[in-house]
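*Asks:* Given chain Z's structure and the hints, the job is docking chain W onto it.
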Amino acid sequence: MEACTEEEQVKLLGWLRSPFVTRVRIALALKGIQYQFIEDDAENKSQLLLQSNPVHKKVPVFIHNGKIVCESMIIVQYIDETWDTKAPNLLPKDPYDRAIARFWAAFVDDKLLLSIWGVLVGQGEKQQKAVEESLANFLLLDDALRASSCSGNAYFGGVEIGFADIALGGLLVTIKAIQKVTNTVLVDPQKMPHLCAWIDRFSEIDLVKGILPDPVKVLERVSSQRAKFTSAGN
Amino acid sequence: MKGSGEEGQVKLLGASISPFVARVRIALALKGIHYQFVEENLQNKSELLLQSNPIHKKIPVLIHNGKPVCESMIIVQYIEEAWGNKAPNLMPKDPYDRAIARFWAAFVDDKLVPCLRGVFTSQGEQQEKAIQESVANFLILEEALRTNPCSSGKLYFGGDEIGFVDIALGGLSGFVKALQKAISSVLIDEEKMPLLSAWMDRFCEANGVKEVMPDPAKVLEFISAMRVKFTSPPAAK
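Protein chains in written order, with this note's numbering: chain Z, 1 to 234; chain W, 1001 to 1237.
Read the hints as simulated data drawn from the structure, not as lab findings.
Since we're looking at a predicted model, the values are computed, not measured.
No false leads were mixed into what you were given.
Facing chain Z, from chain W, some residues (calculated, C-beta under 8 Å): (1) Ile1055; (2) Val1069; (3) Ile1074; (4) Glu1081; (5) Arg1102.
Ideal placement from N, C-alpha and C gives every residue a C-beta, glycine not left out.
Bound-form chain Z, shown alone (with noise of 0.2 Å):
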């Protein structure tokens, strides 16, 4: 039996239907990282959880070698810098380009999520509202995509997936499991077909294909929300 080695002090916590979690896995994956995962239980979450992750309680929790690392594009920054020898890199070397792929990671989880989240737990005019914001979001993230490929960029930062290919990519499930319990089009493939190319080339890389999660564990877990907060009370 091999001694204890890098890849075995690796631990993520999580569970696998949760696009956060998924977005640290696809880094792990594309940087080759062994490590164990922990599967937690969203409805009766561990005491390695809440002791690890007393702030937020959330996951994925990410321990190497102890250190418990919090928040998932946290967690994939410190991966590509600890890391930092094994390919590929996961955000570019140019400062610029660093904070261009940051300001679309901080989009998609500042604004992208914020409104299709609104789409999921709204009714009526609110859900609306929230529609009309997603649409516009995606139509940015459209436009984004569409100036990349002018420069020859199949992805978000370049030839390969980067940071912000990994935020967005890993709601990919979540994003189409919410159009299919609220019968809503958030992603139109007439008026965004950058964003669709990009989609269908994440969604094949071989990799990316094994760690996407189970659609229909997501569509379980995103309908049952939406009955949660759209029963009683209104």
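*Replies:* Below, chain W without anything else, positioned relative to chain Z:
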């Protein structure tokens, strides 16, 4: 007038009372970077601002050799990386310490700022709830200052010198102080948060910071005017 030199041309679009602009000005000051400050009229945003930040149309925007960078803490990271050889380092070297710094800066932006916004824009029960949540978040930051390996027993979140988290939270100091005055309520209680209290005083007096912090009178004026707007009674239906 100084030439732009090695640094190239650096412009900052902003408003002097903005805490987010303050963050960037502090980073630039600490690194000793010369720049042109363009005061924006937020009621009448310039073409340059709208073109440089078409997505959010917000300040601050840093324009370095014609290339715009948006979002205050992304700008601070950019400044750190583009002028990586200029002391001081605003981020630690070690990847784990960097992750912790990013975590707390994100906490300030994702948890604290929305609560403060709630205090600022609401009244009655809603405001009371926002105040309680703000205080709870400040208590968490007090604890972080006390126990984090980087900051425990040190002057700043970043250690002996101002760092990333200090800038993220400290940039808000002027706003927090004015808000406390405007609502006649204490958010950072000296007794319950001795470290944070002392940290804030220390931060506001630091070289590089004190010169760029917003004018307290102007911030108070702004907050008071906004509160009248947000909390005026609804028109009779």
